[in-house]
Structure formats: C-alpha cells, structure tokens
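Since the structure of chain D is provided, determine the placement of chain R on it from the hints.
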Amino acid sequence: MPAEALQVERLPVPTRVLTPKDDILDAVEHYTKGLVGPDDVVTVAESVVAITQGRIVRPEELKPGLLARVLCRFVPQKGSLSSIYGMQACMNVEGEWRVAFAMFVGMLAKLVGKNGVFYQLAGEQAALIDDVTGTMPPFDKHIVYGPLNPYGVAAAVKQRLGCFGAAVADVNDLKRARIVGITEGIDPEQLAQTLIDNPFGNASEKTPIVILKNYAQAMKQTSMLRDSGKG
Amino acid sequence: MELILAIVGIALIAVIGVCFYIMRQGDADIQFIVDQRTKFRLVDMTETTATFTCKVPFINRGTQDGTIMDAFTRHLLPYEQYDGVKVASRLELESRPRTDGYFEAIIIPYGTGQAVVITVEFTAVRGNIRQALAEMVDMPIDIVYQVVARSDWFITKARIIMTAEEIAEAIAAAQEQARGL
Chain D
1 MPAEALQVER LPVPTRVLTP KDDILDAVEH YTKGLVGPDD VVTVAESVVA ITQGRIVRPE
61 ELKPGLLARV LCRFVPQKGS LSSIYGMQAC MNVEGEWRVA FAMFVGMLAK LVGKNGVFYQ
121 LAGEQAALID DVTGTMPPFD KHIVYGPLNP YGVAAAVKQR LGCFGAAVAD VNDLKRARIV
181 GITEGIDPEQ LAQTLIDNPF GNASEKTPIV ILKNYAQAMK QTSMLRDSGK G
Chain R
232 MELILAIVGI ALIAVIGVCF YIMRQGDADI QFIVDQRTKF RLVDMTETTA TFTCKVPFIN
292 RGTQDGTIMD AFTRHLLPYE QYDGVKVASR LELESRPRTD GYFEAIIIPY GTGQAVVITV
352 EFTAVRGNIR QALAEMVDMP IDIVYQVVAR SDWFITKARI IMTAEEIAEA IAAAQEQARG
412 L
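As you go down the protein sequences, you meet chains D and R in turn. Residue 198 in our numbering is what sits at position 198 of the first sequence, and the numbering runs on without skipping anything. Residue 242 in our numbering is what sits at position 11 of the second sequence, and the numbering runs on without skipping anything.
So here's chain D without its partners, still in its complex pose (with noise of 0.2 Å):
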C-alpha cells in the first residue's frame, strides 16, 4: 500500500536562476532566512542541486559513440535517454557497458512482463538525467546530471538550517515524486506522496526549495491516528 501524503503547509521559495557559480548550502540558507523553523522539513529540487555542483553539459560538447546512437533507439521518445546526447550522457557516468547490459536484460526481462529492469541495472544516473529541455532557462540547451551526493547535500542543509530534516527531490509535472537524498528519521515514500503534485512548479518558474512547514508534528499526529486506530 503506497504511503498517505502528509496534510502540511507547503512554501515554495522562490530564487534566482541558481548557476554552477552558486553554492547550494549558502543559497538555501539565503533564500529561506527567517521561514524555517525547528519542525520543517526543506526540500530542493534535485535539478538545481546538480546545477549549483555544475553537472551539466551541452550535447555540442559529447561525442555520442555507436554504442549511444543504437541504444537509444531503443529508448521510448519521452525518455532523457532517447536521443543519442541523452544516452552518450548516461554512458559517461555510468558506463558504456553497463549501459549497454542493462539495456539488454532490460528487453529481455520487458519481453516477460517485467518493466523498469533497465533503470535498475544501469545505474542511479539513467533516471536522473534530464535531457535539453528538461530544465529552465538558461539550462534548457544543458543535458543535467542527478546531483552528487544527495543524502550528504541533505544532511548539510539540515545541519546549516537547524531544522528537522532535508531532502533532494525529483518531482514533475507528470505526478512522479523521488526522492534521491534524505535525512534519516523521514519515510522517503511518504514525502514523495506530500510532493505529489509538484509545488516546485512547473519547469519555467523559479522555486527550486519547498519547505514543508510542522512536518514532524504531522508525522507525529499520523502515527498517533495510526496507532490508535490499530488499539
């Protein structure tokens, strides 16, 4: 059974466009001054976070060998993966041939009703990577990396900030919620479920930190409910 989303106050906090030349920490801190508090849980937006660690490139700057241009032929069109930079991108960081196995015990394993094989063979970079377009300007000509380090970035903001928890997000517009780093005593399914629908925005606003106000409150309260509702 997927895990209930918390009824919370969500605060989109708006930015300006991050850059690799901003550092994350600083800029969280910047921009939530004076809105968190002891029991709020912040999130960012892993796409930013990758931007800020400068994990993006042009597909003018890759080389996209055979190995890119035929396997990507196999990605369905929405896919990041599905052009031949998307992929070349993906095989940089995760490696050709791994890329290139995953791919195959992917089909194979699709041909026996099993989905999403790939995704977990190839690597955590195979999901994260968002293609041109995927992100706002001036990083919608970029291919963006998933971030380094998630769970230690989350740890940092939680430690910076002084308050609950924190964690790196990938959530769109299409009602698809993960979350890629995590401070520890959160349920990572339950705060996807709160990020549900996306109050990050959509790709051309600038909110790359939620906050989710009396988190632990509301985790305490559910697990009362829950408690009591067993007694």
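Mixed in with the good hints, there may be bad ones.
Quick list of the computed label-pair ranges, beta carbon to beta carbon [what the hints assert, rightly or not]:
id, chain 1, residue 1, chain 2, residue 2, range
1, D, R98, R, V265, 28 to 36 Å
2, R, L243, D, R58, 35 to 43 Å
3, R, V265, D, G37, 56 to 64 Å
4, R, V239, D, F101, 15 to 23 Å
Because the hints were derived from the structure by calculation, they are not lab data. The beta-carbon is built from N, C-alpha and C at its ideal position, and this holds for glycine as well.
Using the frame of chain D, we list chain R on its own:
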C-alpha cells in the same frame, strides 16, 4: 567451425535487424513552412521607428519527436544595398511569447507544429521612418534553427523575403485602419 559460423550468422542477422529497425523508426524532420507565412503587418510606428510582425508556421513531418534547441533570425540588409535604416529582428514562439530574443528549447512531437512570430524593427538613419522606408529594398530574413532528435544535432535555415511592396502595403493598411477608427 559450424558453431562459429552459427554465432557469426546470428550476429549478422541481429545487426541487419537493428539496422532495419532504425531505418524504419526514422527521425524527426522539422521544417518551417515559409510559403504559408502571414504577410507582415505594422504593429508600431513612431517618428523614427517602425515595427512589423509576421507568423511563420513550422511542423515536424518526421516519424520521431524532435527538439528545436535554438532558433533566431538573421536579416540581410548590407549597406551597399540600402543604408537608410538600421534593422533589428527577433523571433519568438507564438505559444510562448517573450521579448528578450531568447528561444527556449522545445520538443515538437512528430506530426505536430506551431508557429513563430518574427518581429522586425526599422530605425531611420536620417529623417523620418516613412521617408526612409519609401526607398526600402527587399530584405531576406533567414530563420536559423538548431535541431536535435535521434541523430546528431544540426543547424539549418529557412528563408523568407520581406519585400518593399509588403512594407508599403503594411504601412498603407495601418494608415487606413487608423483613419477608419
């Protein structure tokens, strides 16, 4: 020996199969339909400037989704031909208007299309713009665009011609409309 031949044969069949699959899958084919563009119309005029716009449709005629990563206009008015006006031009998606000249990369699903709005602003070098445009010549405008899809990215262009007659007609139509009001 037979085993090796069998392996080579299977590999060959697999390669041929993949080639056939890729050929059959095809790619995106994004084209600007310049012969279906609208006529330029005058949208703003001051003593020294005149601004015209027109719409140019485009379509992805291919079999795969494609991305226009960038697009911009390149007007061609060398001063050897006419030096009475300075020109600035830009384009924007009709569905996502913006005035900064930045083109936000967009996916064009196969079989679909949209339109761009081209804006051309003339500034008179001497005297007023009406006099300057009275002697204007035909001016080519290239729509330069970068596409990426299932194969290597490429930059290509489509050309429209903003004719002197069209400019005169647009000014006359705007005057007539103003008189009617």
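Structure-inconsistent hints, enumerated in ascending order: Of the numbered hints, just 1 does not hold.
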